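Novice: The primary structure of each chain is shown beneath.
There are 4 protein chains.
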Amino acid sequence: MSQIDRDRIFTLLDQFQIELPSWGFADTGTRFGKFVQPAAARSIEEKLADAAQVHAFTGAAPRVAVHALWDFPEGAGHVAGPLQTARKLGVTIGTVNPNYFQDQKYKYGSACSPDPAARDMADKHSLDCIALAKAIGTDAWSLWFADGTNYPGQDDILTRKKRMESALKKWHDATPHGMTMYVEYKPFEPAFYHTDIADWGMAAAFCRKSGPRAKVLVDTGHHLPGANIEHIVAFLIDEGLLGGFHFNDRKYADDDLTIGSIDPYMVFRIFHEIRNAAELHGHDVSKIAYTVDQSHNLKPKIEAMLQTVVHAQELYAKACLVDRKALAVLQGKTDLVGAETLLRDAFYTDIRGVLADWRKRKGIDPDPIAAYRASGYEARVGKERTEKYGTATGGGYA
Amino acid sequence: MSQIDRDRIFTLLDQFQIELPSWGFADTGTRFGKFVQPAAARSIEEKLADAAQVHAFTGAAPRVAVHALWDFPEGAGHVAGPLQTARKLGVTIGTVNPNYFQDQKYKYGSACSPDPAARDMADKHSLDCIALAKAIGTDAWSLWFADGTNYPGQDDILTRKKRMESALKKWHDATPHGMTMYVEYKPFEPAFYHTDIADWGMAAAFCRKSGPRAKVLVDTGHHLPGANIEHIVAFLIDEGLLGGFHFNDRKYADDDLTIGSIDPYMVFRIFHEIRNAAELHGHDVSKIAYTVDQSHNLKPKIEAMLQTVVHAQELYAKACLVDRKALAVLQGKTDLVGAETLLRDAFYTDIRGVLADWRKRKGIDPDPIAAYRASGYEARVGKERTEKYGTATGGGYA
Amino acid sequence: MSQIDRDRIFTLLDQFQIELPSWGFADTGTRFGKFVQPAAARSIEEKLADAAQVHAFTGAAPRVAVHALWDFPEGAGHVAGPLQTARKLGVTIGTVNPNYFQDQKYKYGSACSPDPAARDMADKHSLDCIALAKAIGTDAWSLWFADGTNYPGQDDILTRKKRMESALKKWHDATPHGMTMYVEYKPFEPAFYHTDIADWGMAAAFCRKSGPRAKVLVDTGHHLPGANIEHIVAFLIDEGLLGGFHFNDRKYADDDLTIGSIDPYMVFRIFHEIRNAAELHGHDVSKIAYTVDQSHNLKPKIEAMLQTVVHAQELYAKACLVDRKALAVLQGKTDLVGAETLLRDAFYTDIRGVLADWRKRKGIDPDPIAAYRASGYEARVGKERTEKYGTATGGGYA
Amino acid sequence: MSQIDRDRIFTLLDQFQIELPSWGFADTGTRFGKFVQPAAARSIEEKLADAAQVHAFTGAAPRVAVHALWDFPEGAGHVAGPLQTARKLGVTIGTVNPNYFQDQKYKYGSACSPDPAARDMADKHSLDCIALAKAIGTDAWSLWFADGTNYPGQDDILTRKKRMESALKKWHDATPHGMTMYVEYKPFEPAFYHTDIADWGMAAAFCRKSGPRAKVLVDTGHHLPGANIEHIVAFLIDEGLLGGFHFNDRKYADDDLTIGSIDPYMVFRIFHEIRNAAELHGHDVSKIAYTVDQSHNLKPKIEAMLQTVVHAQELYAKACLVDRKALAVLQGKTDLVGAETLLRDAFYTDIRGVLADWRKRKGIDPDPIAAYRASGYEARVGKERTEKYGTATGGGYA
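Chains as they are written, first to last, in numbering that gives the first Met the number 0: chain Y, 0 to 397; chain B, 0 to 397; chain A, 0 to 397; chain E, 0 to 397.
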């Protein structure tokens, strides 16, 4: 690799940052149970501390997404402590995530529920989240709805659509200028017949009706089998509607595995489309939000997060290697084998040494996982937290 | 069933008409081969004659969709003969279907091809189709694109998107007022990496940019596994973007089986959403086009078409039985078991006697397939066409 | 329907019994939370009482499957009470279900875990379950494993296969003559990369190696998209390996919805293959075990179970209507439309009146759900159990 | 990489050979049409010549699978010419492939057809193929059946199962010692309701009943969405039932794309399981047959084949890098992140230089595709064949 290429990759890596979810450091599970880890974080302070470890060892994850209900149960009036903790730890608090699924009132949905009390609760919670985001001083809140039905006939699909439209419109308008409202879609789970925002097309339609501060959020695990996610990503960028990502990998459903663990070439292709939209089509991709959203119920949480950031960086750097002008020439000649080979050559280039050099230049250990393991952090907090909490786990999935 | 209900069902059945595809009477196959039938139609006259049989025995299929390339190879100047034939047979010529996939020039796509000659060919063909539609005096043309790529890197997804946008916009504007341009989507096949119009969201985005005469066409076989088609249908109606349907059934991919042969309850639910949009939400659903698009490579073609029309009528009539006001009350009370039972009771009501009565009132035999079999038509045309053509088959799939 | 047909259906219905799962009366949920119901059962006595309601109103569900861990935490020495309760309530205790997933030791699997302590725990629990089944005097225990891995490389697939083989062989040999060991398969969840018993072929291979008392259990929700379940069922019967079913319905993954709620025609076709194997091929299908395994986290539990039994009876009775000799004649003539119509006619026959008559003859109300609702049972136990437990829920999923 | 490692990889590469399918050099297509290439081969001599090119430039593909119907229409008595041609070209004729789907008689199946004449035809053809294989002096014939049904009720699944069993048993017994009969499975296409050999479990059951010379053939495109193919492969090896592979890649259905073009990490994992079965479990994997089976309807055929062999070698070599003893240690410690990283490190090692060195040592150009392009072969035969055939295409798919 030439020095010019290397410098270009370094610059692109400098700009590539991944937001970490506070809930990714807490115990999670499946409906069959939750496997507890002694070092799992319970409090927002512990989550910030763990996230700060990931940032310290990677230099690429300075922002922490928070969950309104689990992290700020007392609301916008109680942000000073966590903000100060974050500052001390060298991280910032990023996207605010509401919770529209946990309360018993949400049994039949939140914004779309036939129960007006559930809709009111969702409305109040949303306005609280905006207030929380303002108090934190962040620029984003991100909405995922479990709303849907389990049985044909259970509820009226179009009535629910109108409820969602009016709720999102209201919340969009309450979102201050400079703040983005991300709208996530998901084909199924926990609703098993229909989900009110089932695909990117529905999310896009709702965003269009809401206004310019509403953008679509792509969770890489929220698609039907076979969906071409990089195509959706490119399409959304071109429509001006891509907000960002929840990163995870999957083989079957919304498996929430670590990114690239099942299909790394697909992740590479997503990054390729993003770089392509920027380099060949002049789209501004600098606002795209990259956030991890995984369920580390088997892997140690901080290790899994380090592995995720490192792997995402590698796949992003590989995508940055693609010579898109040369590619366009081959495509124009319909040289299929040549074009594919050019793309694949970037994927097969061993980029790990470049990443190691980038880390060294930033004063970080070239092998983040080994360095983290050597630090003894996990054993230490595991001991501390077990003494503090016993086997009690914090709020969260499952 | 009360007399009032029966009259209401009869009226709704009077309004429910299914367009038949001329190519559904010709030999078709899979990539592994084509199974020939002696009675398969080759000429447009034979296709119209066969379609007229289906209408004669069902009273519900007076319109025949045509394929520009296979049925009118000589173009808009040669419509007089077929029009006269149709008139004599008591049917009309309906939707015009272009062909953007058969010519060798379309190897890398049509409207999206990197080859300008392919794009020009598609453009000229489209304008020819509009001219043909005008000459025929019909109100619709319906576009399906095989465009896409087979390999990552083969072509630039966003460049192709822009090509599609400008082509559709141009053709929309050339579509006269009063004529609709249907835009179909499909997730895969024959393109196996990405398809330029892959889902309803993309079709809707292209229609929005094209203008008010562009509407989305839903082929029931063109979805990824698990997609909730009735949800998409309801959503599109509410957005004012649903044009119509290509009916067929599938278990795996775009299997093109006869409608309801695999999942009749799903077809019933689609009709339920359409009736619901009309009855509870005041949407005008009278313009929705119902067209058959199946590949009868094993079933005798006319029998398969009769079976299709009869089964679609049954499933539609069952959907008309749903008491939607009562359903809304149960839904409002979140009586899940009650609401589901109400919907399912309509599905399980044996409607075949009502259909038989409806046919009798129209002077049609109550059992269309038996009556058709008794007519000896298939044996007669099988003999005639074998004498005329030998084993040569007409143009068409596979 | 002729009197002879009716008598035949009545006899077949008399023989068609569905086992109810004790855990189907307790609170369940998804990984996103559990929705509690005041009337949810916690103790084995309450579960038996609820199940007895379902049997009382349907006459078709006299057997209750139990869960070793949740229902008999104290083991084989404490069965006298529940046995007496069951006897009083007019039901019997059926299949014993071990639990190989809930304990923290099972984090990496049970029988296949790399941790010998986990394997020992699974072994001891299995022998305890056999002892429990003997103490209860039942003829079946049914094994489902969550064993698998989440990441490529996590563990050695073949080493795990050998562990499973030796565990099942040992447990089979400990299973007394006259008792059946059912082995269930599942493609994914909670393991998201590989599952040690992933499909029917693996379950069958393990059963063959274990011995004649091991049989495959088909959970209708445990298949990849598109799998032809009725084909698998017919194949297993012919191989002498079909044990029975866990009934539920699904649209996407293992959704655990009530049977027939999504695809009733598929359930009908499963019953058709079973009846066909018996009537045309002379297979003994009398030992096939039909058990409900659903997650009623939204529907009221007893109502959902009543609806399930009633719907299963209807679909089974429809399958009993098929004239298989006439069908074989049409199949032999490759009369596709005729054969399909014959099958479908059985499905579309309104059987609800016949079921009502069958119930009357047994002294049961013809409308089980209405009769149950009129009984006031749910409100009464809801009140009692809320007073007793508050909002505490019992052990179980999620 | 150490010299010892390099030598080991070189030895393993020497043993890794991929059989090329004669039909992969002929025009193919989808049901929507066939895109013709001037250089496409029509005669068996041309196919052998093209395959010899691939072997000449890769050194890894000395064997050519043939198709009985398309390549040897005159049967076992006419093998001398092709055998001599192959000898001259430095390749050998490998597996014989029967054709059970092309004749009109096979409309309702071959071995399973309700039509005895179709079954007789399949039987005669099979015996002819065995005779052909003997005449050629090869050690394998490979059976794929399109048999199945398109509609519920169309035919009796169990009757068809028995027909398949007796046919395979007879053909197995007619297969001489030292020859293997591969049995392929496929979930759907061209049969769209049920396929008589739908999955590996059915293929394995048929092989077990046939006898020791019957083995399962895994086509990597013949699985339902999400199927863990490497798990199936490992399981079959352990059961002594894996025969070999038909290599191709897919994103949706049986897309027949070039191997690794969509999911290279999956191909790597298949090779990992094979090496693992050999190195850790002592299985003999030397008899596993690797054959390409793709449909190059867009890519130039020889280029696509070169790309395939080169890519398969790369992925195989990466799998050979895995230190399985170290991996087992990490697995035993349940070090998930460590074990996964070890596996992935092998995948991310840039192996292309090692391959180039291996080629140089064998006297082959280090860049097969570039060297082939420089040779001018394609233009030359394209011209020759166009002059000879015009636009007529040879027998084959679509």
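Because the hints were derived from the structure by calculation, they are not lab data. Be careful, since some hints might not be right.
Since the list can't tell identical chains apart, any single copy or any two copies may satisfy a pair.
What the hints assert, rightly or not - Keeping only pairs whose Cα atoms sit at most 25 Å apart, straight-line, the calculated BS3-like set for lysine-lysine is: (1) LYS33 - LYS169; (2) LYS104 - LYS33; (3) LYS104 - LYS87; (4) LYS382 - LYS332; (5) LYS106 - LYS361; (6) LYS87 - LYS133; (7) LYS106 - LYS382; (8) LYS286 - LYS33; (9) LYS106 - LYS387; (10) LYS161 - LYS387; (11) LYS104 - LYS382; (12) LYS123 - LYS33; (13) LYS359 - LYS324; (14) LYS33 - LYS208; (15) LYS361 - LYS104; (16) LYS359 - LYS133; (17) LYS324 - LYS208; (18) LYS387 - LYS332; (19) LYS87 - LYS106; (20) LYS133 - LYS324; (21) LYS387 - LYS361; (22) LYS361 - LYS168; (23) LYS87 - LYS324; (24) LYS332 - LYS208; (25) LYS123 - LYS133; (26) LYS123 - LYS104.
Nothing here was measured: the structure is a model prediction, and the numbers come from that model.
Novice: Each hint needs a verdict: does it hold in this structure or not?
Specialist: Here is what the structure says about each hint:
| no. | hint | in the structure |
| --- | --- | --- |
| 1 | LYS33 - LYS169 | neither (37 Å within a copy, 29 Å between copies) |
| 2 | LYS104 - LYS33 | both (23 Å within a copy, 12 Å between copies) |
| 3 | LYS104 - LYS87 | neither (38 Å within a copy, 38 Å between copies) |
| 4 | LYS382 - LYS332 | between (62 Å within a copy, 20 Å between copies) |
| 5 | LYS106 - LYS361 | neither (49 Å within a copy, 38 Å between copies) |
| 6 | LYS87 - LYS133 | within (20 Å within a copy, 63 Å between copies) |
| 7 | LYS106 - LYS382 | between (38 Å within a copy, 20 Å between copies) |
| 8 | LYS286 - LYS33 | neither (35 Å within a copy, 37 Å between copies) |
| 9 | LYS106 - LYS387 | between (34 Å within a copy, 23 Å between copies) |
| 10 | LYS161 - LYS387 | neither (47 Å within a copy, 41 Å between copies) |
| 11 | LYS104 - LYS382 | between (37 Å within a copy, 19 Å between copies) |
| 12 | LYS123 - LYS33 | between (30 Å within a copy, 23 Å between copies) |
| 13 | LYS359 - LYS324 | neither (31 Å within a copy, 32 Å between copies) |
| 14 | LYS33 - LYS208 | neither (39 Å within a copy, 33 Å between copies) |
| 15 | LYS361 - LYS104 | neither (49 Å within a copy, 41 Å between copies) |
| 16 | LYS359 - LYS133 | neither (37 Å within a copy, 65 Å between copies) |
| 17 | LYS324 - LYS208 | neither (37 Å within a copy, 29 Å between copies) |
| 18 | LYS387 - LYS332 | neither (66 Å within a copy, 27 Å between copies) |
| 19 | LYS87 - LYS106 | neither (40 Å within a copy, 35 Å between copies) |
| 20 | LYS133 - LYS324 | neither (43 Å within a copy, 44 Å between copies) |
| 21 | LYS387 - LYS361 | neither (36 Å within a copy, 62 Å between copies) |
| 22 | LYS361 - LYS168 | neither (43 Å within a copy, 50 Å between copies) |
| 23 | LYS87 - LYS324 | neither (45 Å within a copy, 44 Å between copies) |
| 24 | LYS332 - LYS208 | neither (41 Å within a copy, 29 Å between copies) |
| 25 | LYS123 - LYS133 | within (15 Å within a copy, 56 Å between copies) |
| 26 | LYS123 - LYS104 | within (13 Å within a copy, 42 Å between copies) |
Hints 1, 3, 5, 8, 10, 13, 14, 15, 16, 17, 18, 19, 20, 21, 22, 23, 24 from the list above are not met by this structure, while the remaining hints are.
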